[in-house]
Amino acid sequence: MLIGKVIGTVIATRKDEALVGAKLLITQPLDMKGNEVDSPLIAVDTVGAGVGETVIYVSGSVAPFAVRKHEVPVDAAIVGIVDRIDLQL
Amino acid sequence: MLIGKVIGTVIATRKDEALVGAKLLITQPLDMKGNEVDSPLIAVDTVGAGVGETVIYVSGSVAPFAVRKHEVPVDAAIVGIVDRIDLQL
Amino acid sequence: MLIGKVIGTVIATRKDEALVGAKLLITQPLDMKGNEVDSPLIAVDTVGAGVGETVIYVSGSVAPFAVRKHEVPVDAAIVGIVDRIDLQL
Amino acid sequence: MLIGKVIGTVIATRKDEALVGAKLLITQPLDMKGNEVDSPLIAVDTVGAGVGETVIYVSGSVAPFAVRKHEVPVDAAIVGIVDRIDLQL
Amino acid sequence: MLIGKVIGTVIATRKDEALVGAKLLITQPLDMKGNEVDSPLIAVDTVGAGVGETVIYVSGSVAPFAVRKHEVPVDAAIVGIVDRIDLQL
Numbered sequence: 041m042l043i044g045k046v047i048g049t050v051i052a053t054r055k056d057e058a059l060v061g062a063k064l065l066i067t068q069p070l071d072m073k074g075n076e077v078d079s080p081l082i083a084v085d086t087v088g089a090g091v092g093e094t095v096i097y098v099s100g101s102v103a104p105f106a107v108r109k110h111e112v113p114v115d116a117a118i119v120g121i122v123d124r125i126d127l128q129l
Numbered sequence: 041m042l043i044g045k046v047i048g049t050v051i052a053t054r055k056d057e058a059l060v061g062a063k064l065l066i067t068q069p070l071d072m073k074g075n076e077v078d079s080p081l082i083a084v085d086t087v088g089a090g091v092g093e094t095v096i097y098v099s100g101s102v103a104p105f106a107v108r109k110h111e112v113p114v115d116a117a118i119v120g121i122v123d124r125i126d127l128q129l
Numbered sequence: 041m042l043i044g045k046v047i048g049t050v051i052a053t054r055k056d057e058a059l060v061g062a063k064l065l066i067t068q069p070l071d072m073k074g075n076e077v078d079s080p081l082i083a084v085d086t087v088g089a090g091v092g093e094t095v096i097y098v099s100g101s102v103a104p105f106a107v108r109k110h111e112v113p114v115d116a117a118i119v120g121i122v123d124r125i126d127l128q129l
Numbered sequence: 041m042l043i044g045k046v047i048g049t050v051i052a053t054r055k056d057e058a059l060v061g062a063k064l065l066i067t068q069p070l071d072m073k074g075n076e077v078d079s080p081l082i083a084v085d086t087v088g089a090g091v092g093e094t095v096i097y098v099s100g101s102v103a104p105f106a107v108r109k110h111e112v113p114v115d116a117a118i119v120g121i122v123d124r125i126d127l128q129l
Numbered sequence: 041m042l043i044g045k046v047i048g049t050v051i052a053t054r055k056d057e058a059l060v061g062a063k064l065l066i067t068q069p070l071d072m073k074g075n076e077v078d079s080p081l082i083a084v085d086t087v088g089a090g091v092g093e094t095v096i097y098v099s100g101s102v103a104p105f106a107v108r109k110h111e112v113p114v115d116a117a118i119v120g121i122v123d124r125i126d127l128q129l
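Residue numbers (this note's numbering), protein chains in the order written: chain D, 41 to 129; chain V, 41 to 129; chain G, 41 to 129; chain S, 41 to 129; chain A, 41 to 129.
Be careful, since some hints might not be right.
In the DSSO-like style, the derived pairs of lysine-lysine whose C-alpha atoms are separated by at most 30 Å in a straight line are [stated by the list, open to error]:
| hint | chain 1 | residue 1 | chain 2 | residue 2 |
| --- | --- | --- | --- | --- |
| 1 | V | K45 | D | K63 |
| 2 | D | K45 | V | K73 |
| 3 | G | K109 | V | K45 |
| 4 | V | K109 | A | K63 |
| 5 | D | K63 | V | K73 |
| 6 | V | K63 | G | K63 |
| 7 | D | K109 | A | K109 |
| 8 | G | K63 | A | K73 |
Simulated restraints, written as ranges between beta carbons of each label pair [what the hints assert, rightly or not]:
| hint | chain 1 | residue 1 | chain 2 | residue 2 | range |
| --- | --- | --- | --- | --- | --- |
| 9 | S | D71 | A | E57 | 24 to 32 Å |
| 10 | D | G90 | G | E57 | 20 to 28 Å |
| 11 | V | G61 | S | K109 | 36 to 44 Å |
| 12 | V | K63 | A | D126 | 43 to 51 Å |
| 13 | V | G88 | G | G88 | 46 to 54 Å |
| 14 | V | K63 | S | H110 | 30 to 38 Å |
Here are a few chain V residues that face chain D, going by a calculated C-beta distance under 8 Å [stated by the list, open to error]:
| hint | residue |
| --- | --- |
| 15 | M41 |
| 16 | M72 |
| 17 | E76 |
| 18 | T86 |
| 19 | V87 |
| 20 | F105 |
| 21 | R124 |
| 22 | D126 |
| 23 | L127 |
Because the hints were derived from the structure by calculation, they are not lab data.
Heads up, the beta-carbon is just placed ideally off N, CA and C, and yes, glycines get one too.
Go ahead and model the full structure; you've got the sequences and the hints to work with.
Here you go:
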């Protein structure tokens, strides 16, 4: 899993019917110190994340598990909202 | 999921029989501001996307879910057409 | 899916038994204009591709779908032979 | 699989219910000589790894297998603690 | 699939129980001309590969297929030993 910051939303009226009602959040990947890394992606949210929050997200074919529906074509999902990161370097 | 712009089509007469009838669109990945990033890929379309449209696509083994057929060898699928992106940076 | 050019073959006598009889082709990834990008990979072929042909290939865990056998350890498969690419930039 | 060093923990109170009780460790990827490579990621731990230990981790959709629960949205898991690496270059 | 050279072994006493008895080999990715590319990874071996041999390996969630056990958390597996590479550039 990686962490990211929710920076926006994307609206798509015409879409796969399994995505109807899905909340699609634009997520900026962060390193563990909070610096932006890589490009933003779209992740489906099921934990109630909002813009500005730091989240944990998964990528790949485990993302549908977060949606609790089978065979949903999503490849990224927000699975937690970060309270605290403890780095012991 | 990522966004991209449909920039063309690819024609393949000899192909895996599960792909017969599939609409294969060449998709240029974009960042959330609409700039081109990375190289184009081929995505199967099931939402009626056309050349010039900005789309949401999935990558990897969730792509067959968009096709609603089991065991189709596709690793990218267009799952939505972007109406609007709201960035709150 | 990406496109590539078949540039060779690989022979392995000792191999996973699910791969016995599989045709393993070395494939050089191309961009949509035909330029070489990235490093060659080995893809299993099930559509009768030959050296010098431009092909469509899939990567990842959907590759076994092309082989029509369950649980075959292949992570790339040629699924079509390109007739024509239409770019409308 | 890759190796990494556990460098911290992440706390998330609001999260996917399948992750309740999961131990989420921040893992810094290492090369085989122990140098840091790439950015840290979050991996679920099921083998009792602790901060400072060098571990083996898997990425992608096989990570849930380590958790022994079906359909858990995790994409990285620590599957072993490294005792020794023998390089014969 | 990619090719690599086996350059060592990794020993982990504490590990996922599905990995008990698994032979974990450190594999240096090679290009098709035998030059080293990218960083070494750990692949499970089921074809009897040894240090110094050039092998074919798979990555991702098809790797468990090589182990012939379900739900084993491995993301790379050696599936063949290379006898010959024929490049026709």
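We went through each hint and held it up to the structure:
1. V:K45 / D:K63: holds, 22 Å
2. D:K45 / V:K73: holds, 17 Å
3. G:K109 / V:K45: Cα-Cα ~35 Å, so violated.
4. V:K109 / A:K63: Measuring from Cα to Cα gives roughly 37 Å; hence the hint is violated.
5. D:K63 / V:K73: At roughly 20 Å apart (the allowed maximum being 30 Å), K73 (chain V) and K63 (chain D) satisfy the hint.
6. V:K63 / G:K63: Judged against 30 Å, a Cα distance of about 27 Å means the pair holds.
7. D:K109 / A:K109: holds, 26 Å
8. G:K63 / A:K73: Given pair K63 (chain G), K73 (chain A) holds - Cα atoms ~20 Å apart, limit 30 Å.
9. S:D71 / A:E57: 24 to 32 Å: Once the Cβ atoms are compared, 27 Å apart, the range 24 to 32 Å for E57 (chain A) and D71 (chain S) holds.
10. D:G90 / G:E57: 20 to 28 Å: violated, 52 Å
11. V:G61 / S:K109: 36 to 44 Å: Because 38 Å falls inside the window, the suggested range holds.
12. V:K63 / A:D126: 43 to 51 Å: Since K63 (chain V) and D126 (chain A) have Cβ atoms about 36 Å apart, the given range 43 to 51 Å is violated.
13. V:G88 / G:G88: 46 to 54 Å: Cβ of G88 (chain V) to Cβ of G88 (chain G): about 32 Å, so the range 46 to 54 Å is violated.
14. V:K63 / S:H110: 30 to 38 Å: holds, 34 Å
15. M41: holds, 4 Å
16. M72: For M72 (chain V), the interface hint holds, since the closest Cβ of chain D sits about 5 Å away, which is under 8 Å.
17. E76: It is violated, given that the least Cβ distance between E76 (chain V) and chain D is near 12 Å, above 8 Å.
18. T86: At 7 Å from the nearest chain D Cβ, T86 (chain V) passes the 8 Å test, so the hint holds.
19. V87: V87 (chain V) check passes; min Cβ-Cβ to chain D is 6 Å, inside 8 Å.
20. F105: Because about 4 Å separates F105 (chain V) from the closest Cβ in chain D, which is inside the 8 Å limit, the hint holds.
21. R124: holds, 4 Å
22. D126: Holds - the Cβ of D126 (chain V) comes within 8 Å of chain D, reaching about 5 Å at its closest.
23. L127: holds, 4 Å
In this structure, the earlier hints numbered 3, 4, 10, 12, 13 and 17 are contradicted, and the remaining ones agree with it.
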